[in-house]
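Student: Below, each chain spelled out in residue letters.
There are 2 protein chains.
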Amino acid sequence: MPKFMDVHEGMYGVTPEALQQAHQADLDIQGDEGVDFQRAWADPESGKVWCVSEAPNADAIRRIHERAGHPATEVYPVPVEV
Amino acid sequence: MPKFMDVHEGMYGVTPEALQQAHQADLDIQGDEGVDFQRAWADPESGKVWCVSEAPNADAIRRIHERAGHPATEVYPVPVEV
Chain P
0 MPKFMDVHEG
10 MYGVTPEALQ
20 QAHQADLDIQ
30 GDEGVDFQRA
40 WADPESGKVW
50 CVSEAPNADA
60 IRRIHERAGH
70 PATEVYPVPV
80 EV
Chain B
0 MPKFMDVHEG
10 MYGVTPEALQ
20 QAHQADLDIQ
30 GDEGVDFQRA
40 WADPESGKVW
50 CVSEAPNADA
60 IRRIHERAGH
70 PATEVYPVPV
80 EV
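So the sequence lines, in the order shown, correspond to chains P and B. Counting from 0, one number per residue, gives the positions in the first sequence under numbering that gives the first Met the number 0. Counting from 0, one number per residue, gives the positions in the second sequence under numbering that gives the first Met the number 0.
Derived by calculation from the structure, the hints in this document are not laboratory data. It cannot be assumed that every hint is accurate.
To be verified - Once the Cα atoms are required to be at most 20 Å apart in a straight line, the calculated EDC-like pairs of lysine to aspartate or glutamate come out as: (1) B:2 <-> P:16; (2) P:2 <-> B:80; (3) B:2 <-> B:32; (4) B:2 <-> P:44; (5) P:2 <-> B:58; (6) P:2 <-> P:44; (7) B:2 <-> B:44; (8) P:2 <-> B:44; (9) P:2 <-> B:42.
Turn these sequences into a full structure, and let the hints guide you.
Tutor: The following block contains the structure:
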């Protein structure tokens with residue numbers, strides 16, 4: 000399944016607990032769209048969050064993040080990785 | 000050691016071989032600055048590459064990427080992850 004990197008902006012001050020809660024909200028509904036959210040990293044100071052997932056397509060990721068209450072600013076396919 | 004996400008722009012058309020070579024160029028000299036580059040993901044279409052590393056500070060990452068021939072556009076600390 001294709002892999003994606005999505006980026007969120009504006010999550011200033013995000014704590015480990017808040018990121019875990021947001022991630023869990025994705026996990027709770029990701030099956031509806033066949034998405035598999037794998038990892039996420041956050042910088043509380045810049046408010047940026049990056050998520051790596053596998054999904055059928057970018058729109059599936061957008062829909063899950065939007066329903067979970069934290070729409071993605073950008074979603075990129077990442078077919079190349081090391 | 001602190002973790003970081005750095006972003007490269009303009010790497011249009013990057014192939015798996017090119018990303019592996021670029022990553023290896025980092026690995027070859029990362030010890031000079033105490034950096035540990037762990038993973039990288041690339042979108043050949045947008046030209047963006049994201050790298051996760053552990054490092055003493057952001058400047059150490061900038062110096063290694065610059066010496067390896069692919070300066071980072073942005074480097075963010077990511078103290079929060081899931």
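Student: Under the criterion that the straight-line Cα-Cα distance not exceed 20 Å, is the pair residue 2 of chain B, residue 44 of chain P satisfied?
Tutor: Cα-Cα ~14 Å, so holds.
Student: Would the pair residue 2 of chain B and residue 32 of chain B pass a check requiring their Cα atoms to be no farther apart than 20 Å?
Tutor: holds (14 Å)
Student: Going straight from one Cα to the other, do residue 2 of chain P and residue 42 of chain B come out at no more than 20 Å?
Tutor: Status holds; Cα separation ~10 Å.
Student: Straight-line Cα separation of residue 2 of chain P and residue 44 of chain P no greater than 20 Å?
Tutor: violated (27 Å)
Student: Between residue 2 of chain P and residue 80 of chain B, is the straight-line Cα distance small enough, at 20 Å or below?
Tutor: Between residue 2 of chain P and residue 80 of chain B the Cα gap is close to 19 Å, so the pair holds against 20 Å.
Student: So if I understand the rule, the pair passes when the alpha-carbon distance is 20 Å or less; does residue 2 of chain B with residue 44 of chain B pass?
Tutor: At roughly 27 Å apart (the allowed maximum being 20 Å), residue 44 of chain B and residue 2 of chain B break the hint.
Student: Does residue 16 of chain P sit within 20 Å of residue 2 of chain B, going by the straight-line distance between their CA atoms?
Tutor: holds (18 Å)
Student: Can you confirm whether the C-alpha distance between residue 2 of chain P and residue 58 of chain B stays at or below 20 Å?
Tutor: violated (29 Å)
Student: Compare the distance between the alpha carbons of residue 2 of chain P and residue 44 of chain B with 20 Å, and conclude whether the hinted pair is satisfied.
Tutor: This hinted pair holds, its Cα atoms lying about 14 Å apart.
Hints 5, 6 and 7 from the list above are not met by this structure, while the remaining hints are.
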